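> Use the sequences and the hints to build the structure in full.
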Amino acid sequence: MSRENISLAAILWSVIAFLVIYPLSVLIIESFRIAETSGWGISNYLAFFKDTYYLKTFWNTMVLSTLVLLTTTIFGIPLAYILARYRHRGKTIFTALILLPIVLPAFAGVFAFIIFFGKYGTLNLVLMDLGLIKNPINFIYGIHGLVFIQSLHLLPFIVLSLSAGFTNIDPSFEEAAEVEGASGFWRFITVTLPLCTPSYLAGAVIVFLWPFTDWLTPLILGKVDYLPSVAYINIAYHFTDINRKYMGIVAVVVSSIVCIALFMLARRWVERKKYTGLSKGTTSEGRVIEPSPIVRYGSYLYMLIVSFIVLLIPIVLGLSAFSRRWVFEPLPTYWTLDNFKVILIESPLLVKNSFLFSGIALIFGIFFGLIAAYVLVRTRIRGNEVLDFIITLMLAFPGMAVGVSYMLAFWKGIPLATHWIIMPLALFARRLPYFLRMAHSSYLQLDISLEEASEVSGVGKFRTFLYISLPLLLKGVLVGVVMFFIMAFQEISTAIFLYRGGWETLPIGIYLNWHRGMEFGIAAAMAFLMIVITFILLLIISRIGGGILKAAWGPGEK
Amino acid sequence: MAFIEIKNLLKRYGKVVAVNHIDLDVKQGEMLTLLGPSGCGKTTTLRCIAGLEKPEAGDIVIDGRSLLSEGFVQPSDRGIGMVFQNYAVWPHMKVFKNVAYGLKLQKLTKHTIREKVLQVLEMVGLGGLEDRYPGQLSGGQQQRVALARALVRNPKVLLLDEPLSNLDAKLREKMRFEIKSLVRRMGMTAIYVTHDQAEAMVISDRIVVMDSGNIIQTGTAQEIYQTPANRFVADFIGTMNFLPGEVVKVEKEKNSAYVKTEFDEKLRCKTTDEIILNQGDKVFASIRPEDVEIFSTKPEKSENLVAGKIANKAYLGNFLFFFVTVNRSTIRVQIPHYSPLEEGDDIYLFLDPEKCMVLA
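Chains as they are written, first to last, in my numbering: chain A, 1 to 558; chain B, 1 to 360.
Keep in mind the hints are simulated off the structure, nothing from the lab. This one's a predicted model, so the numbers in the text were calculated from it and none came from an experiment. It cannot be assumed that every hint is accurate.
[As the list claims (entries may be wrong)] Simulated restraints on C-beta separations: (1) Phe72/B <-> Gly222/A: 53 to 59 Å; (2) Ile448/A <-> Gly187/B: 51 to 57 Å; (3) His144/A <-> Phe72/B: 41 to 47 Å; (4) Ser292/A <-> Asp131/B: 52 to 58 Å; (5) Trp186/A <-> Glu173/B: 36 to 42 Å.
[Said to hold, decoys possible] Only pairs whose alpha carbons sit at most 20 Å apart, straight line, appear in this in silico DMTMM-like list of lysine to aspartate or glutamate: (6) Lys156/B <-> Glu175/A; (7) Lys97/B <-> Glu175/A; (8) Lys298/B <-> Asp346/B; (9) Lys54/B <-> Glu290/A; (10) Lys94/B <-> Glu175/A.
Every residue, glycine too, gets a C-beta built ideally from N, C-alpha and C.
Shown next, in the form of structure tokens:
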């Protein structure tokens, strides 16, 4: 336990204490404060749980989560199976398309589908023009639409985790079942699926937690009785009504507790049951099956349909971005580049802020992440497990919790929030675990003997890290860097509580545009711009190494 | 008619031929071992029998029923029991469920299933462990679960794919005998795959030696050890001294041939009727280390006597090895007891003409 290592760990702990533990504690403590007095008590919680309205929102959110999980699972299992087991043409493209929703900003889906599926959206107009229907069908304004949009956004998580699960099953488990007489379907139910449970749970947790943190989608669809939306409205809009503000805080804390509890439960479950056999290692491809022609064509069709729906988002947004006054027409009639002119030339502040804040957050992230990876993998300092645990736990926290806690913690006591630096700091704190995961798993793969050989040759620890470890880690680190940037770039639910005039980022700009009822075209153009930037960054990642991405994939949240 | 007939079996992976048009017959109740180095095609052959690989050509007939020529019969319909190399014991099911899995698909009553499962678990020595999860068992116990699972349905044929290779040496030795007696007791026909020749010799009624997709030799352990068909088999089974040389004279009536080696003009060796030898052929005079006699003083032998020096001595407890330099060759000698001879001693070796073979 060298002195250098301890000082490194100390740096980590102070950052965590300042940026995570302190604000969250303030949040929790504040929730126990009785409004307009200096007293403490649980009256806020009592009021929350006695109020039928809040209970209803809580219940609604649970129902929504369950529905979304069911939907993604039912539609995701076939997709995952096809991707993992069948060899087919265009596999890379289909995979990329099916995974696309992860990197699209979450609100992109809502906007695009409102334009396409809305009351006077493209689909309804076409159907009415063709005389197939008299009145518009309500495709999305309701819980069915909400489930659809959220499921589409979350589908890739289930598909990725299940597909990894299918691929990693030792083929002999299924072969043994076959020899014992089990036909395809029975084998799938009794052997294949159960063995995927740990992988599935990893994705299922992300999916279930999402509705507890997605305040924006329900809002845009006009349905606000969901926990996160209610919390947002109470805190952001009714800050003069102290009671509502505190109800909002309680709502945030309750959401966080649910998220963390489920997260821990899933981890506990996975750790308890042992799912590995005496595997002698499988091929990286896993078992490959030759499906019958009907199944083969059916699976192509299925993938095409899903891909089409996913592609609708960028296409519709693109059309909207390059046009004006696209209403009551199936397709735009008036094309223009004005929208982009507005964003880039007349008010480039949004773009500048987005890049600036994400960039600074990234720099913080790299430093912290590399140090943390080193400390966690190469040292045995006491408290390492706790540190790892806290950082992992951050993945479960809803973005709102971070935003609100920063709002409370850095206003009066430590007035950090009066400076724009709070924005990158919040982005950094929120998205830190992503970078750390990549760095951590890359580091784990680095054989310690390579570093030891360097030290034996006379090179000190720091230089060893620079000349030996870092170059070898580079691939994984770069992928982590880009992922981190993408996530920070799209971040809204933390930033929305902390921004002040002049600090708006692109996502915030989009939300404000929508909220003020301004031209949809501009909001769409901004969303489209974000998609293009994200896409370019993703291309960079895939060049560097898509395999690493899959290996260290962690949850992605707004 | 044999119980299992393999006819002209061909299996390719792209351009690589894994199983090269082999023919094989297995008698009912026989324990046959496919033996060979990695990549020789033994596991592929076994998997073809199980139906886990689809051969390009050939037929496999079990008890009169063709598995390939009248449409490919699925593995789940073949009524075969198989023990996998890594056991493939399902970790999410208890031992009982693992073993009962195949039985449940046969629509037997719960009572019958329970009876059979417990009976077979008792037979393999896992009585009382039916409620454990595989993760709570040792490697050897997991292997027995795999065995029990394969046996419980009383299959026509039992296939075993290197089932002991993941166990430590002592356990492996013990399990060899257990598997052999178990299979014999149940009167099953079994095909065993291994690269361990000692294992093959202990466990089999007959051994099939394979190399690069071909069957090189088929026979009992004794036949293969004492009369190997060629250099490959001789080298694979046990250890052998290979002394390169040239045939100088053949005496077919006496089943001998004279081989000129680097250190001796006329080494008399044994031949068989199958091997056709001509003068001038390049061959190996081959003799097992335990068949070489070593003397400290010159013995009364008229032929096959060479002089040498002990280069190395290796004491293995139950055996003593000498590495003897004869001219420029090294001959390995094995004796089953203690000897006062030391490295550097000059000695004489007698290569018994009845034990010295000609191999190509």
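> None of the hints should be skipped; say for each whether it holds.
Okay, the hints, checked on the actual structure:
The supplied range of 53 to 59 Å is met by Phe72/B and Gly222/A, whose beta-carbon atoms lie about 58 Å from each other. Checked against the hint of 51 to 57 Å, the C-beta distance between Ile448/A and Gly187/B comes to roughly 55 Å, which is consistent with it. With their beta carbons about 46 Å apart, His144/A and Phe72/B fall inside the hinted range of 41 to 47 Å. The beta-carbon spacing between Ser292/A and Asp131/B, approximately 40 Å, falls outside the hinted interval of 52 to 58 Å.
About 38 Å separates the C-beta atoms of Trp186/A and Glu173/B, a value consistent with the hinted range of 36 to 42 Å. For a cut-off of 20 Å, the pair hint linking Lys156/B to Glu175/A stands: about 18 Å separates their Cα positions. Pair hint Lys97/B plus Glu175/A holds up; C-alpha atoms about 17 Å apart against a cutoff of 20 Å. Distance hint between Lys298/B and Asp346/B is fulfilled; the C-alpha atoms sit about 10 Å from each other, no more than 20 Å.
In summary, the hint linking Lys54/B to Glu290/A is supported, as the alpha carbons are separated by about 12 Å, within the 20 Å threshold. With a C-alpha separation of about 19 Å, the suggested pair Lys94/B and Glu175/A falls inside the 20 Å cut-off, and the hint holds.
The structure is inconsistent with hint 4 alone, although it conforms to all the rest.
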